[in-house]
Amino acid sequence: MLKKWIYLSSSVLALTTLGVNGITLQQLSVHADTKNTDNKASQGKTFHYLDKTSLDAKVSPYVQFQLKNGGQYVLDKQAATDHNVDAELIKSTQDKLDAINQENTANRAQSDGHTDGYYHNAPNVYITPQNVPSNRTMVSSEFRATKSTPNTYWATQTINSGMEGGAYGGFQQITGNDESGQQIALFSIWNPYASKDPIKVAYASPDTKTNSFGAEGTGVQARTNYHFKIGSWYNQTIKVWQENGHTYYGQWLFDVDNQKWLLTGVYDYPVPNVQIQSDTDWNGDGQYARDGEIRNWVSQDAKTGTVTPATSLHVTDNDSDYLNWDGGTTSDGVKFHAGGYQQDSTIGRGKTFTVPSQVPSELSAAQITKYDLTKDTSTGNWNMAWAVDQSKAPQLNAVVNTYEVASNGSRTLVNTSPTIDAWVNESRFALDASKTYQVELTIHDIAGHTTTQTLQVDPGAPTGHAVQVSDNGTTNTPWWMNIWNWITGIGHSLFGWIGL
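Read in order, the letters of the sequence shown are residues -22 to -1, 1 to 478 in mature numbering (1 follows the signal peptide of the UniProt record, and there is no 0).
All clues given are correct.
Computed Cβ-Cβ distance ranges for the label pairs, DEER-style:
(1) 80 / 176: 53 to 59 Å
(2) 56 / 155: 42 to 48 Å
(3) 196 / 283: 31 to 37 Å
For the record, the hints were derived by calculation from the structure and aren't laboratory data.
Quick caveat, the model's predicted, so the values are computed rather than measured.
Every residue, glycine too, gets a C-beta built ideally from N, C-alpha and C.
Build the full structure now, drawing on both the sequences and the hints.
The following block contains the structure:
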């Protein structure tokens, strides 16, 4: 049975390969551990596969294929001798293997890894943050592909693999070698162990399609049309939070070049108090080389809410039989390579690299850029709509509080809206025309900041009017600076009198 996914990670950057010409790379692969030397599924333009049926039955059990040293057919002469195989048969078989190995070595050198012939598995390359909180409510990192090829999956976040709340997400190159081909963003979450209730899709973006998946467990998968340029940076952030006794998962993507966030989807996971306990980047593929980089890896501590960057990242592979992978450091993170015909890792079986410690600007406190209050004359109700700066941390949720303002300026809370979801940016409510109000919008972003703005409303005026009376800013901004900014107009927009 064909498997659509090759998935080995325990948690975040994965690059894996899907079908080529209708046959999976897993089937085209030659595994040293399974001694699969009879694979003839490849087109075989440059790699000569040995048909073991052409060998004498007495000697064929002692012929194996090894990926080490570039992929060689090897005869265990001692074992053959011990089992009374004729010395001349051993010699003639070795001569045949030498000829095949020599031909394949020459062809691989000429092809430089860019043919349809010799496919073999590369290892998964794992990139794991060091010294991070044991329980997290957010993981985030920036990724860029520096070399891509069809049927490549960059699983840039993979969490809780094999545990409650396992999920993974990333970017997939389906066709082509760059953004001109078909590309998507993926997010998958496995069904829970502790509940038989299904995972529900609370929200999916207009470009996102969701479906159930099977094979390696069961769960829900989301596929979003999303083009990513080779050499450009993209942030993927996975956030978990609690609501109505369930855990919710959200996937956000950020285009660094265009300074724009996209919420691809939110998922209702029917088990409470699930947190992120493991996360690793991983990368696995075949004949063609894939290269990428990771930087600005940060996470949010579930206990304190603090967002902190990883100061070191460990790069390693998953199988000592495979040599065509590598890792290293860059000026702001780490790089990795897998696939093609590179023969040796320059970092042995793995290495930990110190990386710059910084939280990327797209996770700085949310800023409200639009804040409008209008009256529906047909119903008499009021509608508040807002927008946030796309280059800052996106909204996780919001709440609108309405206060009645007395003649002496004191105020009394008279209404609190239900919690407003991440994908909603408006709220409706009724006001008494005989009274004066302040309407306060509070936004909680995915990085744990709180931002507040307030409008004063006189619903009984001939046309109604509202004026911004305060911009309370974020929990990181002194209150007196917000008042000064409001008075001077620096850094904030004053709505003044607006027709409602």
